[in-house]
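Please work from the sequences and hints to get the whole structure.
Spelled out, the chains give:
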Amino acid sequence: AQTVTQSQPEMSVQEAETVTLSCTYDTSESDYYLFWYKQPPSRQMILVIRQEAYKQQNATENRFSVNFQKAAKSFSLKISDSQLGDAAMYFCAYKLGRGDYKLSFGAGTTVTVRA
Amino acid sequence: NAGVTQTPKFQVLKTGQSMTLQCAQDMNHEYMSWYRQDPGMGLRLIHYSVGAGITDQGEVPNGYNVSRSTTEDFPLRLLSAAPSQTSVYFCASRAGTGPYYGYTFGSGTRLTVV
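Protein chains in written order, with my numbering: chain A, 1 to 115; chain B, 1 to 114.
Label-pair restraints from in silico Cβ distances:
# : chain 1 : residue 1 : chain 2 : residue 2 : range
1 : A       : GLN57     : B       : GLY102    : 17 to 23 Å
2 : B       : GLN57     : A       : SER7      : 27 to 33 Å
3 : A       : GLY99     : B       : ASP73     : 23 to 29 Å
4 : A       : GLY99     : B       : ALA52     : 17 to 23 Å
5 : A       : ASP26     : B       : GLN57     : 20 to 26 Å
6 : A       : ILE46     : B       : THR7      : 18 to 24 Å
Keep in mind the hints are simulated off the structure, nothing from the lab.
Idealized CB from N, CA, C, for every residue including glycine.
See below:
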């Protein structure tokens, strides 16, 4: 199984400020996908953003953006202008390229937003 | 409503009891999978299926059985529950083809084995 590491169990951010979540992964493959999922207290898993390894441009979805460093095997998530609704557990996940279906998840980072 | 439906949402079992967690999707997705979520460990793959009649083991398959007789349903069976199986269980599905590899997750089942 691929290894996905999230080294920050918890992060706290002031409302309207920016927070960055770290994720590193271990793979010898060149074709793969990376994801960030959000899990609010409702337990629902919500896809925040995805990145294809073959794309050099970092993915962006509104206030969420990633810093994808392929050589360093790093995939951090930046949440800008943090809102109270951003409070949740965030999981980094890895999937091998075409022909594979399995997701490998990191341990998660709990984000708290201070009003 | 289209999506992945898991039942029950909560369950308490006694050690040694058996039960089946249900998962159904109405999106005609080929791929379905079961994960368990434990504190500090993220989600770990238990079993998965790439189509009706085809199943395979994931990272933590011991103590669980699955079958896939239809495209829509992918039940997870605990044959003899153990306290170590206390966890939150998620079912997820996705289409087998297409340029976007998005997964749809169910809302989870919280299982407690006493």
